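Protein sequences, first through last, are from chains A, B, C and D. The numbering of the first sequence is full-length UniProt numbering, which starts it at 1 and goes up by one. The numbering of the second sequence is full-length UniProt numbering, which starts it at 1 and goes up by one. The numbering of the third sequence is full-length UniProt numbering, which starts it at 1 and goes up by one. The numbering of the fourth sequence is full-length UniProt numbering, which starts it at 1 and goes up by one.
Careful: at least some of the hints might be erroneous.
Some chain D residues close to chain A (C-beta under 10 angstroms, calculated; not the full set) [claimed, not checked]:
(1) Arg176
(2) Gly272
(3) Lys274
(4) Ala303
(5) Pro326
(6) Lys337
(7) Leu395
(8) Arg396
(9) Leu399
Everything labelled a hint here was simulated from the structure, so no lab data went into it. Bear in mind that the values here come from a model prediction, so they are computed numbers and not experimental data. Note that CB positions come from ideal geometry on N, CA and C, so glycine has one too.
Number of protein chains: 4
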Amino acid sequence: MSDAPKKVVLAYSGGLDTSIILKWLQTEYGCEVITFTADLGQGEELEPARAKAELLGIKPENIHIVDVREEFVRDYVFPMFRANALYEGLYLLGTSIARPLISKHLVDIAHQHGADAVAHGATGKGNDQVRFELSAYALDPSIKVIAPWREWDLTSRTKLLEFAEANQIPIAKDKRGEAPFSVDANLLHTSSEGKALENPAEEAPEYVYQRTVSPEDAPDTPEYIEVTFERGDAVAINDQAMSPATILTALNDYGRKHGIGRLDFVENRFVGMKSRGIYETPGGTILLEAHRGIEQITLDAGAGHLKDSLMPRYAELIYNGFWFSPEREMLQAAIDKSQEHVTGTVRLKLYKGNVNTVGRWSDHSLYSEAHVTFEDDAGAYDQKDAAGFIRLNALRLKLLAARNAKF
Amino acid sequence: MSDAPKKVVLAYSGGLDTSIILKWLQTEYGCEVITFTADLGQGEELEPARAKAELLGIKPENIHIVDVREEFVRDYVFPMFRANALYEGLYLLGTSIARPLISKHLVDIAHQHGADAVAHGATGKGNDQVRFELSAYALDPSIKVIAPWREWDLTSRTKLLEFAEANQIPIAKDKRGEAPFSVDANLLHTSSEGKALENPAEEAPEYVYQRTVSPEDAPDTPEYIEVTFERGDAVAINDQAMSPATILTALNDYGRKHGIGRLDFVENRFVGMKSRGIYETPGGTILLEAHRGIEQITLDAGAGHLKDSLMPRYAELIYNGFWFSPEREMLQAAIDKSQEHVTGTVRLKLYKGNVNTVGRWSDHSLYSEAHVTFEDDAGAYDQKDAAGFIRLNALRLKLLAARNAKF
Amino acid sequence: MSDAPKKVVLAYSGGLDTSIILKWLQTEYGCEVITFTADLGQGEELEPARAKAELLGIKPENIHIVDVREEFVRDYVFPMFRANALYEGLYLLGTSIARPLISKHLVDIAHQHGADAVAHGATGKGNDQVRFELSAYALDPSIKVIAPWREWDLTSRTKLLEFAEANQIPIAKDKRGEAPFSVDANLLHTSSEGKALENPAEEAPEYVYQRTVSPEDAPDTPEYIEVTFERGDAVAINDQAMSPATILTALNDYGRKHGIGRLDFVENRFVGMKSRGIYETPGGTILLEAHRGIEQITLDAGAGHLKDSLMPRYAELIYNGFWFSPEREMLQAAIDKSQEHVTGTVRLKLYKGNVNTVGRWSDHSLYSEAHVTFEDDAGAYDQKDAAGFIRLNALRLKLLAARNAKF
Amino acid sequence: MSDAPKKVVLAYSGGLDTSIILKWLQTEYGCEVITFTADLGQGEELEPARAKAELLGIKPENIHIVDVREEFVRDYVFPMFRANALYEGLYLLGTSIARPLISKHLVDIAHQHGADAVAHGATGKGNDQVRFELSAYALDPSIKVIAPWREWDLTSRTKLLEFAEANQIPIAKDKRGEAPFSVDANLLHTSSEGKALENPAEEAPEYVYQRTVSPEDAPDTPEYIEVTFERGDAVAINDQAMSPATILTALNDYGRKHGIGRLDFVENRFVGMKSRGIYETPGGTILLEAHRGIEQITLDAGAGHLKDSLMPRYAELIYNGFWFSPEREMLQAAIDKSQEHVTGTVRLKLYKGNVNTVGRWSDHSLYSEAHVTFEDDAGAYDQKDAAGFIRLNALRLKLLAARNAKF
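Please take these sequences and the hints and turn them into a complete structure.
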């Protein structure tokens, strides 16, 4: 099978499923496996993944465990938040935005090792396979991508466990039974979907939420914070400068505490079906509100309206896996151009699931009290101008009304 | 002055300002004045407006007091909510959507009475003048529109009060001093702006909010409601069928009680400046969430994404006063077409400022558990199809990567 | 093979390729074949297709030969031309728009006969397979679609001819050798692509063009025609009322004579690759120019600009095969709404490849000589209004310039 | 009159109208006048403007005559052509794109001289006033703009001539009578409008065309040229490298000779009315075709479709005078991003009004004969992939059809 991969870089979590994939790659293709385990802020220890990979026969020099949190927030999350991106009006794209970063590392490591393939553990029904693979192909058109879930015959829990046992893969006790739902987590969000959550008519049980307290359990007293932006990116909380990942971590803490950022959502997958997910995006939800707050005073109307009109397409591209596409980069160029003066501070009130802008100020503000005031404006604005403005805007409507009246 | 209006229909609230306008029209132009006072659900008694108009010399047959609440919700609010319209990402357009209705009645009454002009009490700095006038011109290209605030020399509070006194216009005690901010209200929302609210850095004081309890004062226990939609419009709450205005009134009650729908916002006015407003849209905020919830399972992805991409333009048109424009009607035709199967029920949790969809069901649902399930799907979906899907989506990216690698 | 089709409706041209498919379906699946042969205005006799089908063993009642020209122009071509649809700026979508009609008939005939499948002769590399199949599935989600070119092993000309000979399929002499390029034709256009045309650097030879004389050979004298529209659709030429297909046929004659509508084009296929085609759309090119000409005086600016901005997406949907999709129907609803007054007459000059609007008039005209005139306009327009119009449009730009000057 | 301008920079052509304006500014405001006369390629001698300005009392150091042709093409025309910009589907924006450049020079010269105002000779009915003034305000928010045509009472030809005579302004013999139409010209185009052309039903007489021979009079033999692009801009013709203005001049010569680039057009002005113009854009028409030709093989589908969808808005912004706006700059950033590999050569056939791409080639080509070929593609493309691609694209349509069938 000349087409079989010889050396594969696997996105490896250290969990049961990707351990099975690891072994399957070895047995199915007889290929050398290199593992990549990323700290995306998912909140799990990564060193056990090293031990497990070694146990499964991976050479130490083939094990890559990398803290990518700063890269993730700086190069992926923040650019996306400059756009106020929401998929289908509500979803903050927490899973979608992590996939291209993982593919980028898989491809980079493949190049380092002279590997000819990468592999991932996403199923054949979801969006993640698309995101992983489009990103990988966009970065290296000659790379092979192996998606075991689409290839193998381990199509039931029983078969998976049998394979694991037959191959001496340790099975944690709590993995014997099936999880009641599937979870993905990173510094931006935690998503839960599948099985127990598949009926969109039924409220998700409280135990699904892992990342936030419930609004009911959040403090009874509001808390105020101030978030400072420079050129569209958050740079400080309460005047304390922080790195991108640090700031998102801190916002997550605020969000968790105040029960902010829960979303029960039915979305349209790129592969054509609807699916229901429970999302928790505590820090991201605060960040979106804050970013909108600072744009309100620093962004020009024309720029803002253009951004708003481009956003749905931008969000759809990210959701569908086209981060590394020329059209996403074109939109990013436009969006980034708009952010040059999005600099200033927003004051937010956090309270039991709510995050609200209550104040914003900036040296770069375009808000002109002189123009808007109900008081005497000392000639800043001539109300008579409005008459001409309206009459010319109305002209075509009047010609139209006169025409239509004839028929 | 042959160009002077002879008979004018005035949008008359019965308050001091429009009473001054009424008298000013009589004295400035010597014209006959007809008053139109609408019950838009602003929550004020209207009969005093009749008495006041009579006192100012308006003939009984020239006084029009009309309950337009059902028309407002059915023909303006509901069509707009089919679009999930948000101006600049956040504002539910509560003031904007009422203006065309008022203009429509002004023009209709002008035609009944053979009047040659209409008049409104909006200032020369705001959006409302534009909305009133574009609507009026679009409905009758030969109508004159009189905007006294842009014409007269009553440019200070003192001069206004002097004019009122000189013309025997009664001045309520609490109108002697200036209001600390300006308010507009209707069944959809209450807005507050100006004066005390002009500094966007300062949190709005609690007393500004008139339409909702503060989240802190809302009940400590969540409340669940179910809203049913037919073809995109809300038709029932908790299985109880209601008329459009009744349903919005009921949602307002829920929203008020739970502190839902407050917004502190800096927006871009059509006339070119930024302004800060405090909006309360209790029922509308619930309605938007519910409508999105039912669309999640009943609206096709292609239709939904097109709607999302059209929405910003649609909202901008309404904000700018182009309700009666061919382009708004074109967008409405597209949006309405999408709503044919937006029928079903959404379950919402209301709690201290939060409104969240927690369940949705419909005979028209497109959600297919058979396709999405983590369990065996009995052949509904062939995971192998995804491989081809991804490869063809990737093809252009691969060709691109190969090309770019050469340079 | 329980999944095998039992009764198949085949899009049958009567040519060698679809005759091979017909026989292959019979032998491969042992299924009953029903043929559908459409007169789309491709300019070929259809009765030979009947004889050939009978020869191949198709029962007379299973042979459908239908003249769909009026349906094609009325329900597909004209709606599309209301949008001024151009794919990638230049292509008039002549092939794309015919495919959904064919699928519709295939599915309708399947329902009449209780057939469980339809089949087409499009290859696995092109757009047509997508268009046929998306349309079929959108009209009947349970239909099977068979695409022999993706299934069989007749992967070379030699194998095809061997199969034909082995199955007594008559082979016309001129079909022994391979055609130098592939042709698709209908009332709207003729396309040629492949083989001899695959190098996009080389000019297509003159013999490729089958539908138009070359501009060099066209008459040396211009010809003028007048096309009349009602609600966006052409209804008469030179005051002579005609049916949709008749009018397009007549425009084709004019276009052919004057060498109008040739296009040498490299386009992006939906399946991910670029391809080069030579298109001839004589009547369609005239129709587009004429439609634009009548819209110039009858369509409002707001409506026109919205149409222009929606057009690329609309064209892409048709190109990609999504005619029967909710988003195409939404866009169509918006476009059709705009055409209510697109009624009037356009005068066109045809000359050696050029078609130019030289005059247009309409009772529905919005053109106001009173407003635009360089002469005294008798007060139709107050130039002073422009000052206010400009100042308010400039306001945000001035605030922006003042802000930016600080940094 | 403290608000009166003290020093004004006038856009001065040397013609009668701007000479009258010059004198009027001196007499009306008693202000110092500085003249700016630009060589935009309009094809007129500029030195007479110097003599005339001196005659009217302008100090030599206050007379600016500048050749801006390279700047015009490099910084305005070429960036616009990267977008394939067409206003309302047909107009190449030849007048619109020159206005911001003129305003930029007016403001720069005002800053050099410490002038507080600029003045232009555009009327109050057209678009140019808007373009001049928005540009000026965007570049200097404190500048005054004087538009004499909106201010003075010289509202008839007779009054203008009287004013000229009373002020010793020389009147060329052929300016005594009124011109039958108004003309604007620069290196990109010549426009003619007004008076004799105001009836859009009547064909424009041949004598209106000043920039191109008629197609009927063009050579009977086609001419082929090759235009080479680098990063979206034309850099050579027939392998001969040229500067931007030189290349546009050369293309104009080709276009003039072959009767290319005439347009009879009714457009929607920003100020609300429709107007009819005759445009000649010989070189620009060739350039657009060539740019599209090279994009066909070098631009990715995703990038191209995004560009196409942004273009109408981009063109509208330029037409409306918003060249110096953040939203135009955002769109430009996106468009420029797309042009990084738009490098290669296009072969064009010029013949009697037609310009057609007949070949294109590039080292940066994305066209892959290996993928598209009708011949054996040696495994470049697996036709089976198309089945999965189609099935997943169809999935939502099938779910939709199944749902809709129930109602």
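Next on the checklist: The hint names D/Arg396 as touching chain A; please verify it with the least Cβ-Cβ distance against 10 angstroms.
Outcome noted: OK, holds: D/Arg396 within 10 angstroms of chain A, min 5 angstroms.
Checklist entry - Was the hint right that D/Leu395 lines chain A, CB cutoff 10 angstroms? => result Since chain A brings a Cβ to about 3 angstroms from D/Leu395, closer than 10 angstroms, the hint holds.
Checklist entry - If you take the shortest Cβ to Cβ gap from D/Pro326 to chain A, is it below 10 angstroms? => result holds (4 angstroms)
Next on the checklist: Take the shortest C-beta to C-beta distance between D/Lys274 and chain A; is it under 10 angstroms?
Outcome noted: For D/Lys274, the interface hint holds, since the closest Cβ of chain A sits about 8 angstroms away, which is under 10 angstroms.
Checklist entry - Given D/Arg176 as an interface hint, is the shortest Cβ-Cβ distance to chain A below 10 angstroms? => result violated (34 angstroms)
Checklist entry - Would the stated hint for D/Ala303 survive a check requiring a Cβ distance to chain A of less than 10 angstroms? => result holds (4 angstroms)
Checklist entry - Holds or violated: is the Cβ of D/Leu399 closer than 10 angstroms to a Cβ in chain A? => result At 7 angstroms from the nearest chain A Cβ, D/Leu399 passes the 10 angstroms test, so the hint holds.
Checklist entry - Can the hint on D/Lys337 be confirmed by a CB-to-CB distance to chain A that is less than 10 angstroms? => result holds (4 angstroms)
Item to check | Interface restraint verdict for D/Gly272 against chain A (beta-carbon cut-off 10 angstroms) | outcome: holds (3 angstroms)
In the structure shown, a violation is registered for the earlier hint numbered 1 alone.
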